[in-house]
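Engineer: What follows is each chain in one-letter form.
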Amino acid sequence: MSEILVDVKNLSKEYKRGGETLIVLDDLNLEIPKQDFLALMGPSGSGKSTLLNLIGGLDTPSSGSVSINGERIDQMNSKQLSNWRAGNVGFIFQFYNLLPVLTAQKNIELPLLLTNLSSSERKKHVETALSIVGLSDRSGHKPSELSGGQQQRVAIARALVSDPDILVCDEPTGDLDRNTATDILNLLKSLNEDHGKTILMVTHDPAAADSAKRSLHLDKGKLTT
Amino acid sequence: MYWVLVKAGVVRKKMRSLLTILSVVIAFFLYGLLHSADPLFSGAAGEINAERMIIMPKHDMMFGRLPQSHINYLESLEGVTNIAWLDMLSMDINSITENIPIFAISKDYFKVMDRFEASPEAKKAFFSNKRGALAGKTAADLKGWKVGDLISIPTFSKKNDGSNVWEFVIEGIYTTSPAADELGLMVRNEYVEEARIANKGTVSMILFNLDDPSKADEISNIIDDNYKNSAYATFTGNEITLSQKMLSDIGNIKLIITAIISAVFFTLLLVTANTMSQSVRERTSDLAILKSLGYRDMQIFISILLESNFIILLGALFGLILTLITIPFIDQASGGLTGGIIVFDTYQVMKGILIGVLMASLAGILPAYQAYKLKVVDALAKG
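Line by line, the protein sequences give chains A and B. What the first sequence shows, in the working numbering, is residues 1 to 225, in sequence order. What the second sequence shows, in the working numbering, is residues 1 to 383, in sequence order.
None of these hints come from the bench; they were simulated from the model. Computed from a prediction, not measured in an experiment: that's the story for all the values here.
Okay, derived cross-link-like pairs now, BS3-like style, lysine-lysine, Cα gap no bigger than 27 Å in a straight line:
(1) A:106 x B:375
(2) A:142 x B:14
(3) B:375 x A:222
(4) B:7 x A:142
(5) A:106 x B:7
(6) B:375 x A:9
(7) B:373 x A:79
(8) A:142 x B:13
(9) A:142 x A:123
(10) B:375 x B:13
(11) B:159 x B:143
Produce the entire structure from the sequences given, and follow the hints as far as they go.
Structural biologist: Below, the structure written as structure tokens:
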């Protein structure tokens with residue numbers, strides 16, 4: 001059995017809406033071993049993205065614990081969480097979310113600006129990330145000069161560049177055509193298999209989920225499979 | 001790190017940033033021009049200082065008269081050192097644009113008003129010739145006067161011979177600061193007093209120095225109290241207070257200018273704050289992404305403040321540079337008259353930059369706080 005990277009225990013997330021309490025995640029338990037590629041599926045409102053955000057340190061739980069690599073991120077304050085995110089997690093979103101005025105190279109470099117790396121070291125890291133995603137020849141292009149698939153590759157390179165343990169992907173192929181989506185999923189598979197990255201991916205698409213090593217279903221805040 | 005974020009924010013909407021910077025340039029150019037005329041409204045232009053005392057007619061400073069007996073009284077006061085007096089020879093109003101003011105000065109004038117300078121030879125020649133004159137440098141340049149020239153000037157003051165045309169011989173050139181005071185002609189008071197029909201025994205103003213400048217207020221009060229109920233009531237003060245008094249007779253120009261500048265800056269503050277706020281709203285998703293990458297709330301707050309500072313300080317810098325470039329042109333257009341009066345010095349530049357930093361911080365603080373408080377999850381959910 002591989003070492004556990006993500007350990008979620010009795011995790012609940014509630015939101016107050018007016019006088020009502022909305023339970024999004026209900027006493028959820030989950031273990032993700034290192035180098036796993038897990039697809040999270042489920043209907044809209046099932047709590048997939050909320051779970052993703054909690055594991056990615058973007059949100060804090062109402063109760064329960066989230067440990068990543070043995071660190072209790074649910075107990076961290078905002079500043080600690082920011083520092084933790086910078087070094088331990090890479091995010092990939094449905095709409096790429098690149099800064100439109102920056103070139104691919106500059107977009108990928110953004111997480112490295114928070115480190116003590118020198119300019120030449122940063123450049124080296126960016127070049128490596130670009131070559132992994134197969135976009136070395138597009139480094140000087142701005143997002144508007146790239147196709148959707150290429151933009152998503154840049155976003156993946158940005159997520160990779162600080163060499164995090166875990167990649168958190170929210171519908172990474174949701175805005176792409178079938179062929180491009182397949183390319184992106186193959187890239188994610190390669191990152192998982194060849195580079196040892198642990199990947200947690202939320203998707204509605206069963207074909208995308210097939211690329212993962214395993215799938216879990218969420219419904220009404222509970223894991224069903 | 002911050003430069004990348006600031007640059008990304010500024011160039012995101014290039015035209016909007018450019019227009020905002022342009023409005024800042026104009027506001028600071030206006031600030032620069034209006035403030036460069038500060039010495040004019042504070043009465044402290046050029047070498048004008050608080051150590052030269054002046055007595056003027058209280059109720060009509062421009063055209064009123066003081067009897068020469070006031071000079072005798074002044075001589076009796078302890079602490080008064082040098083005394084001089086000055087009379088204005090009324091020019092022909094029809095040729096006021098062509099002619100220049102004529103000041104009939106007494107012999108100790110240069111001792112009291114030591115900011116006026118002429119060579120010892122020029123002064124010697126001037127005081128040796130009853131009809132001698134010293135021309136201000138600006139006046140001499142304007143009229144093409146040279147030493148030795150005999151000049152005729154029509155005035156409102158009639159002479160004993162019935163003529164109102166006065167003739168003088170240029171014996172030298174005087175200089176001073178501010179340069180506006182070089183637009184004049186100094187002639188001998190003894191000659192004017194002897195040759196004119198009207199206003200005999202009177203002067204326009206009396207000038208003096210004190211052995212102890214700290215006694216200025218005390219001596220001024222003694223003199224003014226002495227003539228309080230006289231037909232020739234006085235207003236005594238130093239050069240600066242006199243200048244201010246004369247300006248305040250026109251109106252509180254400095255207050256008006258301050259009000260205009262304040263209104264301009266207040267409007268600019270609202271415009272910039274609105275622009276920054278709009279810019280931050282449009283970048284909600286970018287800012288959320290930065291936070292998701294590990295940028296801290298405070299780093300985002302600082303980057304927005306720096307962006308606001310960049311826009312305003314860049315505009316301020318160009319506005320102030322434009323002012324510095326423009327002032328020599330104003331000076332040139334005025335024939336050098338504004339030299340020493342229209343001044344934009346390091347202090348005012350620094351003050352402008354400080355105002356810029358303050359404005360940028362005020363304009364940026366609310367949008368920066370919005371960005372600081374932005375929740376990544378909510379922002380990403382909104383797209």
